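Participant: Residue numbering for the sequence shown follows the numbering used here, starting at 32 and increasing by one per position.
Keep in mind that the hints were calculated from the coordinates and are not lab data.
Any given hint could turn out to be false.
Restricting the straight-line Cα-Cα distance to at most 27 Å, the calculated cross-link-like pairs of lysine-lysine (BS3-like) are [claimed, not checked]:
{"hint": "1", "residue 1": "LYS121", "residue 2": "LYS101"}
{"hint": "2", "residue 1": "LYS131", "residue 2": "LYS111"}
{"hint": "3", "residue 1": "LYS161", "residue 2": "LYS146"}
Label-pair distances were calculated between CB atoms; the ranges are [claimed, not checked]:
{"hint": "4", "residue 1": "ALA97", "residue 2": "LYS131", "range": "28 to 38 Å"}
{"hint": "5", "residue 1": "LYS122", "residue 2": "THR162", "range": "36 to 46 Å"}
{"hint": "6", "residue 1": "ALA102", "residue 2": "GLN142", "range": "54 to 64 Å"}
Because the structure is a prediction, the values reported are computed rather than measured.
The C-beta atom is built at its ideal place from N, Cα and C for all residues, glycine as well.
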Amino acid sequence: MARGDACPPCLRPFAGLKKGFEMTPLRITAFATLLAMSAACASAPEPVVPADPVERAELKVNELEARLMKAEKDLVAARKDVDEARERVKKAENRLAEAKGDVTKAETKVQQAKKALDKARVDLGDELRKTGVTGSADN
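Based on the sequences and whatever the hints tell you, model everything.
Facilitator: So, in C-alpha cells, the structure goes:
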C-alpha cells in the first residue's frame with residue numbers, strides 16, 4: 032500500500048511507520064493486536080446498502096424500530112428494578128419501625144427497673160433505720 036492510498040481505519044496506525052522505527056515490547060504487542068484487528072476487518076463482509084432510496088429508508092426505519100423496541104425493553108426492566116427497590120425500602124422501613132418499637136419497649140423496661148431500684152433503696156434505707164444499723168443505703 033503506497034502512502035497516498037486511502038487507508039482503511041484498521042490499518043491507519045501502520046501508515047506512518049518509517050524505516051528504522053524502534054519496536055519496543057509494548058509496540059510489538061500493539062502492532063500484533065492491530066494486525067489481528069486488520070485481519071478481522073478484512074474478512075468482515077461489507078454492509079449491503081440498497082441503491083433505491085425507498086429501500087434505504089425502510090432499512091433505516093427498521094433499524095430505528097429495533098432501537099425503539101430495545102429502549103422499551105430496557106425501560107420495562109428499569110421500572111421493574113425501581114419497583115423491587117421500592118419494595119425493599121418498604122420492608123426496611125417496616126423493620127425500622129419494629130426496631131423503634133422494640134427500643135421503646137426496652138426503654139420502658141429500663142425506666143421501670145430504675146423505679147424498682149429506687150424503691151428498693153428507699154425500702155432498704157427504711158429497714159436499716161428501723162434496725163439501727165448506721166451507714167448509707169447506697170453501699
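Participant: Could you tell me which of the numbered hints above are not met by this structure, giving the numbers in increasing order?
Facilitator: 1, 2, 4 and 5
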